[in-house]
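If you read the sequences in order, they're chains Y and D.
Residue numbers for the first sequence follow the numbering used here, beginning at 491 and rising by one.
Residue numbers for the second sequence follow the numbering used here, beginning at 491 and rising by one.
Hint data in this document are derived by calculation from the structure and do not stem from the laboratory.
Heads up, none of these hints are tricks.
Copies of the same chain look alike in the list, so a pair counts if it works inside one copy or between any two.
Below 20 angstroms or equal to it, Euclidean Cα-Cα: the simulated SDA-like pairs (lysine to any residue) are:
id, residue 1, residue 2
1, Lys564, Ala533
2, Lys631, Ala733
3, Lys564, Ala517
4, Lys631, Ala719
5, Lys631, Arg721
6, Lys564, Gly493
7, Lys564, Ser513
8, Lys631, Val646
9, Lys631, Pro730
10, Lys564, Thr520
Nothing here was measured: the structure is a model prediction, and the numbers come from that model.
Protein chains: 2
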Amino acid sequence: MNGWLCIAGLGPGDEQLITPEVSAALADATDVVGYIPYVRRIAPREGLTLHASDNRVELDRARAALQMAAAGRKVVVVSSGDPGVFAMAAAVMEALEGEPEWQRLNIRVLPGITAMLAAAAKAGAPLGHDFCAINLSDNLKPAALIEARVRAAAGVDFAMAFYNPRSASRPETFGRILGVLREVCEPGRLMIFARAVSTPEEHIQTVTLAEATTDMADMRTVVIVGNSATRRVGPFVYTPRSAV
Amino acid sequence: MNGWLCIAGLGPGDEQLITPEVSAALADATDVVGYIPYVRRIAPREGLTLHASDNRVELDRARAALQMAAAGRKVVVVSSGDPGVFAMAAAVMEALEGEPEWQRLNIRVLPGITAMLAAAAKAGAPLGHDFCAINLSDNLKPAALIEARVRAAAGVDFAMAFYNPRSASRPETFGRILGVLREVCEPGRLMIFARAVSTPEEHIQTVTLAEATTDMADMRTVVIVGNSATRRVGPFVYTPRSAV
Chain Y
491 MNGWLCIAGL GPGDEQLITP EVSAALADAT DVVGYIPYVR RIAPREGLTL HASDNRVELD
551 RARAALQMAA AGRKVVVVSS GDPGVFAMAA AVMEALEGEP EWQRLNIRVL PGITAMLAAA
611 AKAGAPLGHD FCAINLSDNL KPAALIEARV RAAAGVDFAM AFYNPRSASR PETFGRILGV
671 LREVCEPGRL MIFARAVSTP EEHIQTVTLA EATTDMADMR TVVIVGNSAT RRVGPFVYTP
731 RSAV
Chain D
491 MNGWLCIAGL GPGDEQLITP EVSAALADAT DVVGYIPYVR RIAPREGLTL HASDNRVELD
551 RARAALQMAA AGRKVVVVSS GDPGVFAMAA AVMEALEGEP EWQRLNIRVL PGITAMLAAA
611 AKAGAPLGHD FCAINLSDNL KPAALIEARV RAAAGVDFAM AFYNPRSASR PETFGRILGV
671 LREVCEPGRL MIFARAVSTP EEHIQTVTLA EATTDMADMR TVVIVGNSAT RRVGPFVYTP
731 RSAV
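Just chain Y, with the same shape it has in the complex (with noise of 0.2 angstroms):
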């Protein structure tokens, strides 16, 4: 049996932003599996199929890529920015799970450059302290769980990074914790709305926690936040390395 799977880390966007180590998997790969914007991003080419999925379906999309990899096939399933990051690679662990013989697969996580980090990147150095990262979704958990931990994150000063901080599914719980964010922090706090990084159609816009509205947000946005100390010099904005 000499089908294998890697769950690969695409980046955020921008071709140079992927590692060698994820574009020789989809050199030597037979089949992409994943979420439809992310399998368009990969060159067509003879001898590759692609397998382009509808999003909210990663489980299945997880065992259909474990059952081709068991059959010899050999797998990469794409995530944008990390695998392991709000991505696939969990998925692929949970379909796991449910077959013993699958765990015998040659299976490798692949890391990519995830939107925190390229946004930060961007913008100069927001999260060069202590930080946390927040999927605001709550397809798959309490919304009082996510509030609880921004609640937290902001009372012990980390920085934060959203992800998914609004759909159309769920537009108020990007409010919600914009509300929660203003209850614990100061209404200068910056924060940064990061859209589309390392694309054509990057936008990246700092403004205070006073400023911040609902619409500066979208799926495709990562939202950070900077701690008490995080502050402009120059284009950038940064957080310094020292606590105050």
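Given the coordinates of chain Y, work out where chain D should sit on it, guided by the hints.
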């Protein structure tokens, strides 16, 4: 003035994890500046001057790099991992604060694969749910703040990644952090000690909190602490996407 400055992430060690963007900047550079072991990773070539300096002089190093860029040199400041995560990007921003003239220079931060995400990929998907990144070095912040952050993060069930868990100059810090974890988390909580990830010295060890000892960590180790749902599946460790 054609000088420029890039603050670039070399990833955790393996050349296959260096982005093409960073490789291109290194190929164009006239000067590379950084901590000795990171500069050692850059192949010497004609026209490139390597400036290696000791640790704990980050601000001097940043100023020297900015001075060279201001003088028209093409300078890459190298960090291991990602330059925005407990690395040189924040130090360069800090140096910029003192010299408004430097703020007009052509400066870019080039992201890299940070240690916790490389370690997570090797282990499976332990950071597949909300998580924090905490620098355990108390050079730049009070030990009490570090402990408060660990306690708060564990209290709302974040997974955690610890950078710089232990050094010769503060052997007791990590023991105190283990103590905090033992107060808040169950003894079976999974922890991953990932040393020198993606290098020939790579060593990755998964243990329970009850089994963890301070000597499992050193300055080349990143420590990942799972959340309450983190579990083993086959050879992997992962944190489910859903909250319990």
